[in-house]
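Place chain B on chain A using the hints.
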Amino acid sequence: MDERDAEARIDAALVHRALRDGDPRVFEILVRRHQGLVRAQLRRLLGDDPATADDLAQDTFVLAWRKLEQFRVDARFGTWLYRITYTCFLRHLRSGRGQALDLNDVEDAGTDANKPELAVDLDAALQRLSHNQRAAVLYCSQLGLSHEEAAVVLNMPLGSVKTHVLRGKTRLRQLLHDWAPNNERAKY
Amino acid sequence: MNDLSDQKLDELLRQNFAGVPDHGFSKRVLRALPQRPSPRIWLLPAAAVIGGLLTWLALLPSPIWQAAASELLTRDAGATSLMLSALLFGVSLLGCAWALEEA
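Keeping their order, the protein sequence lines are chains A and B.
Under the working numbering, read the first sequence as residues 1 to 188, first letter to last.
Under the working numbering, read the second sequence as residues 1001 to 1103, first letter to last.
Bound conformation, chain A alone (with noise of 0.2 Å):
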């Protein structure tokens, strides 16, 4: 049983005690588990606003506890919350409180003298995809999901999944080569 197995067996164990006591302690735990990741991505996909990353993750995790029964023993919790954590994003982008990520606030970021690091210019970079390709790069590349897993969180046909991915790390490559003409990161 690989690593993801054993944690996946913890969560559902979690889910249960949650369940049958009906305890938000035991709940606790299991945000104390996912909190970090889950407002890791939510900063991603909201472009870094930390604030409005953190209510929606707050969001998420009361949609969670309300909806605990409709969690199945035999999906991954994690997945289940990702899912969760997705739709919040999407009900926030759609309420029109969400902005649109602006292009221009990182048109410049690859020349810009001050960032030289390769992991803000990746940052910047990021931005720079879609929407639907940012989401499955990083549910697929950076959260290590399956393809079938992050076709269930983003809730798309696993072939758009794909693409999304390929696409996304194309256009990464690009850009990260075209901020490096001279080249630093040849070694990647």
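Errors might be hidden in some of the hints.
To be verified - Selected chain A positions facing chain B (in silico; Cβ < 10 Å):
#1 24
#2 39
#3 40
#4 41
#5 50
#6 65
#7 142
#8 143
#9 144
#10 172
#11 173
#12 176
Since the hints were derived computationally from the structure, they do not count as laboratory data.
The beta-carbon is built from N, C-alpha and C at its ideal position, and this holds for glycine as well.
Just chain B now, with coordinates in the frame of chain A:
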């Protein structure tokens, strides 16, 4: 153009993604959690009784009751009483299913 291999890009993306430290976030969520509604177990028997009553009311004008009663009095359970019992059972079952869905 592609001096960044797929594997290296994945590695870079993973390195670039880290979880956020808690810093009191879990406590904040705990405070925001609403009470879980307690399961409404009374719904099940209530639905069975209501289902039975509705069937009885619907069939009240019908002579089927008299036929069933006379069958029972003569201790000869015939088609009418069996059908009536099945109907009562079926409607009660539907009521229970609804109650389970609601609960």
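- Message: Flag every earlier hint the structure violates by its number, smallest first.
- Response: Result: no hint breaks.
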